[in-house]
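Student: Letter by letter, the chains look like this.
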Amino acid sequence: MAKLRKHSVDRRNFLRSAAAGTAAIVAGTGGAQAQQVQTQAQATRPAGAPLLARETDPPSTVEVLTADRPGSDFMVDVIKSLGFEYICANPGSSFRALHESIVTYGGNSKPEFITCCHEESSIAMAHGYAKVEGKPLLVMAHGTVGLQHASMAIYNAYCDRAPVYVIVGNSIDAAARRPGVEWAHSVQDAAAMVRDYIKWDDLPVSLTHFAESAVRAYKIAMTPPMMPVLLVADGDLQESPVSEKTKLHIPKLGQLAPSQGDVSAVAEVAKLLVAAENPVILADRAARTAAGMKLLVELAETLQAPVIDQGGRMNFPSRHPLNQTEAGRGLIANADLILGLEVSDFWGTVNNFKDQQEKSWRPITKSGVKLVSITASDVYKSNYQEFQRYPEVDLAISGDSEATLPSLIEACKRQLTGDRKRVLEDRGKKLAAAHEAAKERTRTEAAYAWDASPISTARMAAEIWGQVKDKDWSLVSGGGWSHRLWNFDKYYQFIGGSGGAGVGYGAPASVGAALANKKYGRLSVSIQNDGDLMYAPGVLWTAAHHHIPLLAVMHNNRAYHQEVMHIQRMGNRHQRGVTNAGVGTTLLDPNIDFATIARGMGVHGEGPISDPKDLGPALKRAIEVVQKGEPALVDVVTQPR
Amino acid sequence: MRVLLLVGMAWTLAAQTAPPAGNAQKGRQLFQSDGCYQCHGREAQGGLGTGPRLAPRPIPFAQLSKYVRQPTGQMPPYTGKIVSDQDLADIYAFLQAQPQPPPAKSIPLLNN
Chain A
1 MAKLRKHSVD
11 RRNFLRSAAA
21 GTAAIVAGTG
31 GAQAQQVQTQ
41 AQATRPAGAP
51 LLARETDPPS
61 TVEVLTADRP
71 GSDFMVDVIK
81 SLGFEYICAN
91 PGSSFRALHE
101 SIVTYGGNSK
111 PEFITCCHEE
121 SSIAMAHGYA
131 KVEGKPLLVM
141 AHGTVGLQHA
151 SMAIYNAYCD
161 RAPVYVIVGN
171 SIDAAARRPG
181 VEWAHSVQDA
191 AAMVRDYIKW
201 DDLPVSLTHF
211 AESAVRAYKI
221 AMTPPMMPVL
231 LVADGDLQES
241 PVSEKTKLHI
251 PKLGQLAPSQ
261 GDVSAVAEVA
271 KLLVAAENPV
281 ILADRAARTA
291 AGMKLLVELA
301 ETLQAPVIDQ
311 GGRMNFPSRH
321 PLNQTEAGRG
331 LIANADLILG
341 LEVSDFWGTV
351 NNFKDQQEKS
361 WRPITKSGVK
371 LVSITASDVY
381 KSNYQEFQRY
391 PEVDLAISGD
401 SEATLPSLIE
411 ACKRQLTGDR
421 KRVLEDRGKK
431 LAAAHEAAKE
441 RTRTEAAYAW
451 DASPISTARM
461 AAEIWGQVKD
471 KDWSLVSGGG
481 WSHRLWNFDK
491 YYQFIGGSGG
501 AGVGYGAPAS
511 VGAALANKKY
521 GRLSVSIQND
531 GDLMYAPGVL
541 WTAAHHHIPL
551 LAVMHNNRAY
561 HQEVMHIQRM
571 GNRHQRGVTN
581 AGVGTTLLDP
591 NIDFATIARG
601 MGVHGEGPIS
611 DPKDLGPALK
621 RAIEVVQKGE
631 PALVDVVTQP
641 R
Chain B
642 MRVLLLVGMA
652 WTLAAQTAPP
662 AGNAQKGRQL
672 FQSDGCYQCH
682 GREAQGGLGT
692 GPRLAPRPIP
702 FAQLSKYVRQ
712 PTGQMPPYTG
722 KIVSDQDLAD
732 IYAFLQAQPQ
742 PPPAKSIPLL
752 NN
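Read top to bottom, the protein sequences are chains A and B.
Using the working numbering, you'd call the opening residue of the first sequence number 1 and step up by one each time.
Using the working numbering, you'd call the opening residue of the second sequence number 642 and step up by one each time.
For the record, the hints were derived by calculation from the structure and aren't laboratory data.
Watch out, some of these pointers could steer you wrong.
Unchecked claim - Straight-line distance between alpha carbons at most 27 angstroms, and here's what the computed DSS-like set of lysine-lysine pairs gives:
#, chain 1, residue 1, chain 2, residue 2
1, A, K354, B, K722
2, B, K746, A, K471
3, B, K746, A, K620
4, A, K469, A, K413
Please put together the full structure from these sequences, using the hints given.
Tutor: Pasting the structure below:
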């Protein structure tokens, strides 16, 4: 006779729960605002009681088959209180109760369940979404295999300082695990595998503990430097019924304010900036919001100083006369003061490193240059080395750049005399002229190989621009020539890159960003690398299934091109030639038909397009589809870069 | 006599700096097979962040040849074992044969 798993009546408080019915009354607030919500229910397990305590419970002779109010319902109350719009997840049995509570008890609304085909896609979607929306969505994953799948994407988000909120299911109580797969999918310390590259994690053992840690995790994720956080939702805690005995409480989140740079240090920087003859402002992840972009413009205009946008975020309008990104290296070489705002690699910016057999480097700055950094990210963990080489900065201000800019701007204004203003205005005129000249040179460069096949990347960017320039667009992945030719003047028009350069980010991050852009009616555009899409193309199906409008334009150079160049470098260095550089690095024979793949996922597909004359009409057709609310893909066979 | 000497010197200098004879068609093939296009583009138009434009109007052959053998920047060295002098001459002929692009001002897509 088969033995059924039996539960302790005391432990489950079955009869009382059954008599009481569903007692919890918790309304989602629909926003991550300060709030205080109480339930009439409580987990049967006392808050803080160790899970192992139940080992001593006497065996029950009563089979418990139902639970009217599982702990996962309260978890949904907590999740709703934080204002998550979406949950991205590939289904997993370790969070089956939470899954069911979200889609039924929670009404599958705020958050809405987004079906993902890979946990790497779930996380990267959350990554892209967060950079558009300015807040996280929720990701759920299996505590073992799901989190293993997710790990690379979590690392990208960590490097990119993006708030990603992850809940993983796990089965802590070994005695309660189903034989077989559940054991393989359970782990002592789930977060251990990603703890080196998340900001905070916890393993709540009661519902009260879950609520506090969930709100705490949100607060930590959203405080700069923003990073991923992770909570483990124990399967038994999800599935155990809650009683009405004691009130459960969801803590309020409260308002969050980022740290600002020290006032006296900011005043010192202002003096240096106003006095400098050739200051340069470097902006990498400087602007966290649209307000940050405006503040950076105000700082640059106050000083009439050039800005080099390193592209970690949409920092500075591309056609602003003080945008001197094209002249970056020359300006750095001539600078007497360089201010870095959330710069991820200051050393690499002011040094030239040669990747020859014998590695060498030298500063590109002139002697006596002062380096100043303002960043909230000078706090690092040690194992993963994304913190880059140590830059010899003269003044390192710890604080969020965007939050520090208002006081820096005011301090600069206080330092400015009428005479100094006139000098700075003259500098501004010269920079404006240089900007116009650079724009002209860029257009001339773009004309080379204009009619070539495969299509030049400049031609591809120009063709896309021709189709989107009069629409409310947002470039959610890719860059290159678009940054040189397009007019970026709104914060949401660019969201930066992957952070950790983990390939496979582009496609899902684009879909996540497009999900955020959807409610604003924006035309999301991605320039999609072929190798990147091949990591987890299932995200195209997610876009189709959930009607996420996105124009994906393939930059299909039929290779992992960066790696081709690395193997060529080795072949040359070893004096054996480059003949075999394509082995293991190219995506040829057969050529991948991305339009067919897209169509197979329910996405409108165009291409492959090799003749540049065919590109404009194909883009137009695809945009018509996207503007009806659906995704479309245009496969463009391109030059390598 | 003096004029003749000057003319003779000029001829000698020109002979020294003139590129060796090369086959542009073969040069195009070598530009692909030697992987030059990976960084510089198939038409030698330059690659964004990878390698500068090489054509049309390439730098003098002597300068190009010196750099290819002993690069001072990020480019990997192409020694004589990898690209022979004749191959380099053919590649140079290909670079010289590349046509001028249309003026940017004549391309509406580059003016918006």
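Student: Please go over all the hints and tell whether each is borne out by the structure.
Tutor: Comparing the hints with the structure gives:
no. : hint            : verdict
1   : A:K354 x B:K722 : holds (22 angstroms)
2   : B:K746 x A:K471 : holds (24 angstroms)
3   : B:K746 x A:K620 : holds (24 angstroms)
4   : A:K469 x A:K413 : violated (36 angstroms)
Hint violations for this structure: number 4 only, all remaining hints satisfied.
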